[in-house]
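Engineer: Next come the chains, spelled out residue by residue.
Number of protein chains: 2
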Amino acid sequence: MRKRLSIEEYIEGIKSQNRFVLSRAITLVESELASDNALASELIEALLPLTGNSIRIGITGVPGVGKSTFIEAFGNLVTSLGKKLAVLAIDPSSQRTGGSIMGDKTRMETLGRNPLAFIRPSPAGSSLGGVSRKTRESMLLCEAAGFEVILIETVGVGQSETAVSNMVDFFLLLMLAGAGDELQGIKKGIMEMADAVVITKADGDNAPKAHLAKAEYQSALHLFPPSETGWQAQVLTCSALENKGLQEIWELIMQYQCLLQSNHSFQQKRQAQNIAWMHEVIKQSLENQFYNHFLIKKLIKEKEDSIKEGKQHSVKAAIELLELYANR
Amino acid sequence: MRKRLSIEEYIEGIKSQNRFVLSRAITLVESELASDNALASELIEALLPLTGNSIRIGITGVPGVGKSTFIEAFGNLVTSLGKKLAVLAIDPSSQRTGGSIMGDKTRMETLGRNPLAFIRPSPAGSSLGGVSRKTRESMLLCEAAGFEVILIETVGVGQSETAVSNMVDFFLLLMLAGAGDELQGIKKGIMEMADAVVITKADGDNAPKAHLAKAEYQSALHLFPPSETGWQAQVLTCSALENKGLQEIWELIMQYQCLLQSNHSFQQKRQAQNIAWMHEVIKQSLENQFYNHFLIKKLIKEKEDSIKEGKQHSVKAAIELLELYANR
Chain A
197 MRKRLSIEEY IEGIKSQNRF VLSRAITLVE SELASDNALA SELIEALLPL
247 TGNSIRIGIT GVPGVGKSTF IEAFGNLVTS LGKKLAVLAI DPSSQRTGGS
297 IMGDKTRMET LGRNPLAFIR PSPAGSSLGG VSRKTRESML LCEAAGFEVI
347 LIETVGVGQS ETAVSNMVDF FLLLMLAGAG DELQGIKKGI MEMADAVVIT
397 KADGDNAPKA HLAKAEYQSA LHLFPPSETG WQAQVLTCSA LENKGLQEIW
447 ELIMQYQCLL QSNHSFQQKR QAQNIAWMHE VIKQSLENQF YNHFLIKKLI
497 KEKEDSIKEG KQHSVKAAIE LLELYANR
Chain B
197 MRKRLSIEEY IEGIKSQNRF VLSRAITLVE SELASDNALA SELIEALLPL
247 TGNSIRIGIT GVPGVGKSTF IEAFGNLVTS LGKKLAVLAI DPSSQRTGGS
297 IMGDKTRMET LGRNPLAFIR PSPAGSSLGG VSRKTRESML LCEAAGFEVI
347 LIETVGVGQS ETAVSNMVDF FLLLMLAGAG DELQGIKKGI MEMADAVVIT
397 KADGDNAPKA HLAKAEYQSA LHLFPPSETG WQAQVLTCSA LENKGLQEIW
447 ELIMQYQCLL QSNHSFQQKR QAQNIAWMHE VIKQSLENQF YNHFLIKKLI
497 KEKEDSIKEG KQHSVKAAIE LLELYANR
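Those sequence lines, one after another, are chains A and B.
Under the numbering used here, the first residue of the first sequence is numbered 197, with each subsequent residue one higher.
Under the numbering used here, the first residue of the second sequence is numbered 197, with each subsequent residue one higher.
Because the hints were derived from the structure by calculation, they are not lab data.
Accuracy of the hints is not assured; some may be wrong.
[Unchecked claim] Under the rule of at most 30 Å between Cα atoms (straight-line distance), these lysine-lysine pairs were calculated in the DSSO-like manner:
id	chain 1	residue 1	chain 2	residue 2
1	A	LYS405	B	LYS410
2	A	LYS465	B	LYS497
3	B	LYS211	B	LYS199
4	B	LYS493	B	LYS479
5	A	LYS410	B	LYS410
6	A	LYS504	A	LYS479
7	B	LYS497	A	LYS479
8	A	LYS494	B	LYS497
9	B	LYS497	A	LYS504
10	B	LYS507	B	LYS493
11	B	LYS410	A	LYS479
12	A	LYS211	A	LYS279
13	A	LYS465	B	LYS504
14	B	LYS211	A	LYS410
15	B	LYS507	A	LYS211
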């Protein structure tokens, strides 16, 4: 293990947009050590005035939808506009091993060589604040280091989407044409979080299917209410292969930002996300303390089994465990 | 205040299907007193072997969709089949006053006089377990008292739907034709919880619009994946006025029950709901203890404000409060 930097070194390095220091700061954020977590919190708090100046975009979709290809093409478009881009990926599968989706593959090669882009996988941790803390803090570090567009990538199969949608400004769902959602493995509820749905691979023989899917999703989304910000989710198609539709997606995101800034919900949404984040850390921590207590660990399975077998009332079981914990 | 019955009197009364005792037991469940809550838990646990023999149906829809009229017509159909029916209504607006949606109105008059029906509003409490505990326990009491169909009614505007969908077997969403959802005030995510959507008031001039809406919703719902039970949400129309479509809704619910019983997910879903209920009570209680502590009450607003103003990092604020609480 490399020696830890001092907090001043981290702050200075990030302020001067030093990528090497940024990487090490993200490693600090990702650490499971309590002392590292405390230092990370200090660091973020010190950098707080430098954060917030990016557009935060969440991107999800099941494996096979072409996320990497999309992000590479979209990222190259964004950097061609002169914007500094950071890509963070949450990898739920790496929770135990510390590996990452990105580590295994040679992907995003051209974006990886792009001087305006910074790519970093973010293993989903299990500590305080769960999946979201590390990515959220990494995002803030990237902002402090001057990145103007942050893409947060996740695999569209579960919990991490909710976490991501709670930390970004704009949530983009990538879908394939022709496959029903049931085939695509998209979980219930994810569609409703999307600010935009993009049908990928709209090229060659697949183009007509993609345009049909666009119309279907567009009419389905119209049945849902617009979000509180006044935004109505849109459906677009794109082809990373033929480099089509990417500009339109970027423009849509800019429209979104304009609308929300003009009705003041952009900042309000972020403030609400930050406050909710505090409460989430509190709740998660209270739960972790409870469920990790040896008495509870010993009894919880037993209680669950008696409930399952209809021998115990859920509330009574809860009360018994709570009393035990209170008198610990 | 009437004297409390002994636990034996409650048990005997409910076993003998005495409605007067059932009503008093529900009043016990709805009480905010800790001693009443403890007695209620004991009572439910004693009655547990008698519970579970009903089909639990959640019904939601915004004001104006015709919920009362629907429930009255549907309830009369169900009782005409010889089934004993209990209707419980969660009324979020009565949280403070103790009043109820039903108390204010002369509604469900014929159902109210029906000897096979039992109607009871359930004020949404704020105590242990939140909105759901009282209704859940009332539901179990009704089952122990021999009711075979339980309708749980809620207003389709927010949190209570999630609570209800977590306690019922079948979740029914009532919608109006012609009004966009945005006009109907349906919250995001509620549609995806529905096992069936019913377009109400499909009569007279409104009938063609209702049938069009049916087709639209049906095709929209097909874009969503079926639930883990294998059920694909259906859309139906009905007219309580012309007494049309109600039989079809009942048959659909029976189909649902058949499917889920044949693939064993009916019982599995209930077991999972009961286990989740225990965890929900635990989490709610840990949070209540934290947020009701005088130190936290004193500081929480201040922390929220510093986060809002960008002066403090969410995680650091959480850690400070948690440390304060741990050393209380």
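Engineer: Hint by hint, say whether it matches the structure.
Structural biologist: Evaluated hints:
1. LYS405(A) - LYS410(B): Holds, at about 25 Å.
2. LYS465(A) - LYS497(B): It holds: about 18 Å lies between the C-alpha atoms, which stays within 30 Å.
3. LYS211(B) - LYS199(B): holds, 20 Å
4. LYS493(B) - LYS479(B): holds, 18 Å
5. LYS410(A) - LYS410(B): holds, 21 Å
6. LYS504(A) - LYS479(A): The hint holds at about 26 Å.
7. LYS497(B) - LYS479(A): holds, 17 Å
8. LYS494(A) - LYS497(B): With Cα atoms ~37 Å apart, LYS494(A) and LYS497(B) exceed 30 Å; violated.
9. LYS497(B) - LYS504(A): violated, 41 Å
10. LYS507(B) - LYS493(B): Within the cut-off at roughly 20 Å; holds.
11. LYS410(B) - LYS479(A): Violated, at roughly 41 Å.
12. LYS211(A) - LYS279(A): Holds. LYS211(A) to LYS279(A) sits at ~18 Å (cutoff 30 Å).
13. LYS465(A) - LYS504(B): holds, 10 Å
14. LYS211(B) - LYS410(A): violated, 57 Å
15. LYS507(B) - LYS211(A): Distance of about 18 Å is within 30 Å: holds.
Violation of the numbered hints given earlier is confined to hints 8, 9, 11, 14; the remaining hints are satisfied by the structure.
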